[in-house]
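If you read the protein sequences in the order shown, they are chains Y and R. Numbered by this note's numbering, the letters in the first sequence go through residues 1 to 595 in order. Numbered by this note's numbering, the letters in the second sequence go through residues 1 to 163 in order.
Check the hints yourself; a few may be wrong.
[To be verified] Only some residues are given here: those of chain Y computed to face chain R with a beta carbon under 8 Å:
(1) 39
(2) 119
(3) 183
(4) 184
(5) 237
(6) 250
(7) 396
(8) 447
(9) 542
(10) 546
(11) 589
Keep in mind the hints are simulated off the structure, nothing from the lab. Positions of the beta carbon are idealized from the N, C-alpha and C atoms, including for glycine.
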Amino acid sequence: MATSGVIAEITVGLSSCGIAAGARDVYETFQQKLEGRGIDVELKRTGCVGMCYREPLVDVVVPGLGKTTYGGVTTEYVERIIEEHVVGGKPIEEWLVHLEGRELPDDAYLAPQERIVLRNAGSIDPESIDDYVDTGGYDALATVLKSMSPDEVISVIKDSGLRGRGGAGFPTGVKWGLASQQPGDVKYVIVNADEGDPGAFMDRSILEGDPHSVLEGLVIAAYAIGANEGYFYVRAEYPLAIKRLEIAIADATERGFLGSDILGSGFGFKVKIKEGAGAFVCGEETALIASIEGQRGMPKLRPPYPAAKGLWGKPTNINNVETYANIAWIISNGAEAYASYGTETSKGTKVFALAGKIVRGGLVEVPMGIRLRDIIFEIGGGVPEGRTFKAVQLGGPSGGCIPEEFIDILVDYESVTKTGAIMGSGGMVVMDDSTCMVDIARFFLNFTQDESCGKCTFCRVGTKRMLEILERICAGEGQEGDIELLEELGEKIVSSSLCGLGQSAPNPVLTTIKYFRDEYEAHIQEKRCPALACKALLTYEVVAENCIGCTLCTKACPVGAVSGEKKEVHTIDNDLCTGCDACRQVCRFDAITVR
Amino acid sequence: MEKAGVQGKTMKEYLAIVDEIAGKYADAPGSVIPVLQQVQARIGYLPIDVIERISHSLGVPPSRVYGVASFYSQFRFNPVGKYIVKICHGTACHVQGAGAITAAICDELGVEDGGTTEDGMFTVDSVSCIGCCSLAPVIMIGDDTFGRLTPAEARKVVREYGK
Ligand SMILES: Cc1cc2nc3c(=O)[nH]c(=O)nc-3n(C[C@H](O)[C@H](O)[C@H](O)COP(=O)(O)O)c2cc1C
Ligand code: FES
């Protein structure tokens, strides 16, 4: 908020992704350059607006000019932004990402989005409770405590059609209803911020960019089910999210949004943060509860569900970060407004994390039911130039790869499930023709095999056997019958595992076999990797007519596999070659091929 | 938050750290994991004597403390270098060439993946997803994250820390 006398506002995006791209240095350089410059500029910080591909991002607002966003800002830009834009009043054309009233290529990223969960991300200071309150934050909580009964809250959430965003898509209002009906005075609410799916970062971004929105949703849930204590279970890999949550909790307590008598309503609620300790399976709700109790994070058979018997044996409601971040908006805007987005069975919006082989990677929030193609090509800009789209992986280790032929499906729970993938938590990793699908299946099996808690035999041993088969296929030692063996093992693991980890672990293998069987066959029968990714299967050769004998490649080879005298055609010893590609990369005459 | 180990402390000092931390949690249920985390943050790893002291202080059998510690990948039973170089091998980083980053860093430091350099400066560790997937491939040293790396840049980053 501009205080009187301030002529400009400069806001630097300081989330983990921005910081990794250099935003902290940019922030500090602004601080130094503004000091003693004698102009009245308010320097602010914000979370991630979602355009990770353009980080570090800097917003500049000066009177008379709309909000201007610069991308890819380095410390060298700082001086010019201050002098030309803030003092001179002229935006610097070449770095523009966004300028109000002007059409720019990056608009394609933000324009199709509908932002409910990300309503404040990238615009407010996540470490300032005032910023959150100024946008109407905690109004929903006040409304709930003053004028709604717990049952009324639950019925609004039911009517909104909101489904859990952690993966399974269970209707949130129904879940709350189950917990609220349980007898007993002691109940708990938990935020699942374990976000173990590699390639997904929605929850990190939400917590770093707008922690109060999750906290407000949690307090409302606590009131609805009658809980007075809650926990955030956050991965230890997210130190900044934890820090901003701690600040949010302290500030909210001071303002009376948390504590023994919230806003004078008589309702009391307190919350603690528990740091995860690096176990993917602890994202599963019963394992997560075991972990909070200080035990090994082993899943338990359900029922009883946590709603009946959860933390310390008490009724417990557990939801995902994004699920909670929707709640205050739904209360303030009404169930109907929320349900006006989406499809018949999947209401509202969903946040997706776009990564992998994509031009514009980052965080997007779109209405459910949008075409997959629109997310990847319209918003994400498709795969980098010169490559072709092959598949998109949805749902991480529990999900599957959706091939090009299904790129026009509508993104909702049911349509995604029909392809063999799952909606999951919202990670989308895009793959192009340089990605080997057998290698991807191997990658995921390596992950689940490693993360299996070991309780169920098929999950523990079966995933290991599947991994061994995939490893030998990638090494060129695949055998006739391997594909069928993978399918058989996969089906057995699905049917005889207790928790979602094992039940879904074979999915990445089964979906790649279903859609990319020819790639498996090329590896097994022809000992060939069509994507040129499996190093053991690559053959490097010198193209005699192109080679001028410059010896660059002989020097680049780390294992001495390339030999030849100056001005003579070189040769490659494929027994020594490790497939590192160094020779091909240094060659200036296209004289080395790989197949 | 995981910080690299404090070098050159004696076991006696380690145990004093345990007493200080465990003292705050004596009666809190579910305290094994937070105590292990805070002790490791100060000491860098969990030697067996330290595990026993935690067990004693919290009144929980050593087998349970060890059972919990060995379940979670965060806990270490061997000393680590001053800096832990976490190389992300999540899906996005894998697709964007994390393998070449690990190869370059291991070559630069002269260690295997998972190993610690002889001078005790660096431990190389493969992790799954740091949450900066759109900047893949990504590594993390301490609380600092580095993204969009090439193998050559990754070498440069660790070289800077080695200075
Ligand atoms: C192996 C496994 C890992 C999971 N990881 C997560 C996770 O990281 N975050 C999450 O919110 N839910 C995760 N879940 C789903 C949770 O068990 C639970 O369904 C969810 O937290 C409920 O919240 P929601 O209804 O808001 O989606 C996981 C489930 C399984 C089986
Ligand atoms: S996959 Fe590497 S940061 Fe997520």
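Do the hints match the structure? See the list:
no., hint, verdict
1, 39, "31 Å, violated"
2, 119, "21 Å, violated"
3, 183, "22 Å, violated"
4, 184, "18 Å, violated"
5, 237, "6 Å, holds"
6, 250, "17 Å, violated"
7, 396, "7 Å, holds"
8, 447, "6 Å, holds"
9, 542, "23 Å, violated"
10, 546, "25 Å, violated"
11, 589, "22 Å, violated"
Checked against the numbered hints given earlier, the structure breaks hints 1, 2, 3, 4, 6, 9, 10 and 11 and satisfies all the rest.
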